[in-house]
Amino acid sequence: MTLKITVVLGIHDQAKLDRLLADQQNPSSAEYHHWLTPAQFARRFGPAPEQTDAVVQWLRGQGLQVMSINRLGRTIDAAASVAQAEGAFATTIVEHGASYGNTADPSVPAKFAGLIVAINGLDNMHAVMPAGLRRQLPATSARSPNWLTLALADVAHPEADEGFASAPDVNVGGSITFGPFDIETYYNETPLITGGNSGTASPDCVALAEDSDYLDSAVSLFATGFSFPSFNITRVLPSGTSPGINGDETEALLDIDYAHATAPATPVNVYVNSSLYTSIQSSITDNKCGAISISFGYCGASSSFYTGLDTLFAQAASQGQSVFVSTGDWGAAGLAYNSSTNTCAAGTTLNPSEMAASPHVTAVGGTTFTPQWDASGNDISVVCGAGRNRKCVGIERRRGEPDFPQARVASRSRRTE
Amino acid sequence: MRTAHKLTWMAGAIAAIAGWTLAISAIASAAGVGGAKLANNHPAGLAQLGPVVMQIQR
Chain G
1 MTLKITVVLG IHDQAKLDRL LADQQNPSSA EYHHWLTPAQ FARRFGPAPE QTDAVVQWLR
61 GQGLQVMSIN RLGRTIDAAA SVAQAEGAFA TTIVEHGASY GNTADPSVPA KFAGLIVAIN
121 GLDNMHAVMP AGLRRQLPAT SARSPNWLTL ALADVAHPEA DEGFASAPDV NVGGSITFGP
181 FDIETYYNET PLITGGNSGT ASPDCVALAE DSDYLDSAVS LFATGFSFPS FNITRVLPSG
241 TSPGINGDET EALLDIDYAH ATAPATPVNV YVNSSLYTSI QSSITDNKCG AISISFGYCG
301 ASSSFYTGLD TLFAQAASQG QSVFVSTGDW GAAGLAYNSS TNTCAAGTTL NPSEMAASPH
361 VTAVGGTTFT PQWDASGNDI SVVCGAGRNR KCVGIERRRG EPDFPQARVA SRSRRTE
Chain P
418 MRTAHKLTWM AGAIAAIAGW TLAISAIASA AGVGGAKLAN NHPAGLAQLG PVVMQIQR
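Each protein sequence line maps, in turn, to chains G and P.
Residue numbering for the first sequence follows the numbering used here, starting at 1 and increasing by one per position.
Residue numbering for the second sequence follows the numbering used here, starting at 418 and increasing by one per position.
The hints are simulated quantities; they were obtained by calculation from the structure and are not laboratory data.
Misleading hints may appear alongside valid ones.
With beta-carbon atoms standing in for the labels, derived distance ranges [said to hold, decoys possible]:
| id | chain 1 | residue 1 | chain 2 | residue 2 | range |
| --- | --- | --- | --- | --- | --- |
| 1 | G | A22 | P | A461 | 27 to 37 Å |
| 2 | P | A456 | G | S227 | 53 to 63 Å |
| 3 | G | G244 | P | A456 | 28 to 38 Å |
| 4 | G | G196 | P | A456 | 18 to 28 Å |
| 5 | G | G225 | P | A461 | 41 to 51 Å |
| 6 | G | D216 | P | A456 | 40 to 50 Å |
| 7 | P | A456 | G | L221 | 44 to 54 Å |
| 8 | P | K454 | G | D53 | 19 to 29 Å |
| 9 | G | G225 | P | K454 | 52 to 62 Å |
| 10 | P | A456 | G | V56 | 20 to 30 Å |
| 11 | P | A461 | G | T194 | 43 to 53 Å |
It should be emphasised that the depicted structure is a prediction, and the values quoted were computed from it without experimental measurement.
Cβ atoms here follow ideal geometry from the backbone N, Cα and C, with glycine treated the same way.
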């Protein structure tokens, strides 16, 4: 068996970084909204090149095959046999069924203390799970034949059908489910769109971190089906090759489609790698997009794994990238690792979403809409006020509250909220 | 027959544990003591799997 090891290097001068992050959000500071580039971050807070080289040299000396070095993202990928990994990190790896893992914390030479913050890949007892809720809704009565036309009219003239704020929903395979216009209604976005604010345009973008590729035609069908503008979408493959389409494609399509539906004018960059960690890392070292959306949750990972991930989120914040992490719909029980299936499952005890708990990200709670149908099949669970500035349910900034923390987009005249 | 099978399994388990212990000793001496431990860098779920008697295929 060959293990794919990722050595995660830390950042230095944490206090100085914390101070910078605070100053970047302080309007009275000279550092206010002065974002760093990935190269600047690496120079100020990353390991020195010779430190990284020393770790690489040591790994090679232990017999590991160094595959790649990511200096902007502070990781070294290497391949190792189990015996090589055990020897290099002074630990023991055992297996139980399909699971394997190191029985004790790994060690590294004392000179690398503080420099190496995590060794990933010594075990497979962790998993990642999409946050999208998969639920079949019961079929309801047939809809008007021209319901899609009515839907488009509803968006164009929101005041025309007061009381049917979220009509219509989408009939997929006989089941009524939510469509993009329902989301716009629920989040009271329609006044923004009709007012000409459809999101920031290029070169800004929304980055999506995914672990599955997706079908281009499915994306196109969504745009044409709902008469949205064509997608301005860029597929980014950090490793140079596609991981292919797997069971998480649904999450990728959900993220792509609804990022576009929410901000039709904003380009979408999709970072796709078999490792979600690499996708997240790439969206940050690429530094193209002002917002990064992660709709996944990890389970079973050791806390050092999150330590490494958190340094990436801190880097994103210093670059003015707003990171949004979905907490999912699993409630306080969150996700727990199921060793028999090597997957995540809803837990039975408190399990916070570790990734969403990072102080450098904005946690986005799961939302479950409960439609209520009228005799015509319209969802009447949301009733709005009158006029163009009607108020529906949704997330709104209350008076006195700051903008989204660490939001680069906040410095621009048009915002996507 | 069942007893014989059980004894064989137990013997195998004991042998594996002994081998594992020897392997740990060998690793500790080869890598040297005094390195820096990376805290909380092993799967917490491993302890919940019950007795682990198998060394991984190398």
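Next on the checklist: Is 27 to 37 Å respected by the C-beta to C-beta distance linking G/A22 and P/A461?
Outcome noted: Since G/A22 and P/A461 have Cβ atoms about 33 Å apart, the given range 27 to 37 Å holds.
- Whether the CB-CB distance between P/A461 and G/T194 falls inside 43 to 53 Å: With a Cβ separation near 51 Å, P/A461 and G/T194 satisfy 43 to 53 Å, so the hint holds.
**OP:** Indicate whether the distance between the beta carbons of G/G196 and P/A456 respects the range 18 to 28 Å.
**Re:** Cβ of G/G196 to Cβ of P/A456: about 52 Å, so the range 18 to 28 Å is violated.
Outcome for the supplied range 28 to 38 Å, where the beta carbon pair is G/G244 and P/A456:
holds, 36 Å
*Starting from the range 20 to 30 Å, see whether the pair P/A456 and G/V56 falls in it by beta-carbon distance.*
holds, 23 Å
| said: For the hint 44 to 54 Å, verify it against the beta carbon of P/A456 and that of G/L221. | reply: 49 Å Cβ-Cβ, so the 44 to 54 Å window holds.
* Asked: Does the hinted range 53 to 63 Å hold for P/A456 and G/S227 at CB?
  -> holds, 54 Å
Could you tell me whether the CB distance from G/G225 to P/K454 stays inside 52 to 62 Å?
holds, 55 Å
- Message: 40 to 50 Å was suggested as the range; check whether the CB atoms of G/D216 and P/A456 agree with it.
- Response: holds, 44 Å
| CB-CB spacing for P/A461 and G/G225 relative to the 41 to 51 Å hint | holds, 45 Å
* Asked: Could one say that the CB atoms of P/K454 and G/D53 fall in the range 19 to 29 Å?
  -> holds, 23 Å
In terms of the numbered hints stated before, the structure departs from hint 4 and from no other.
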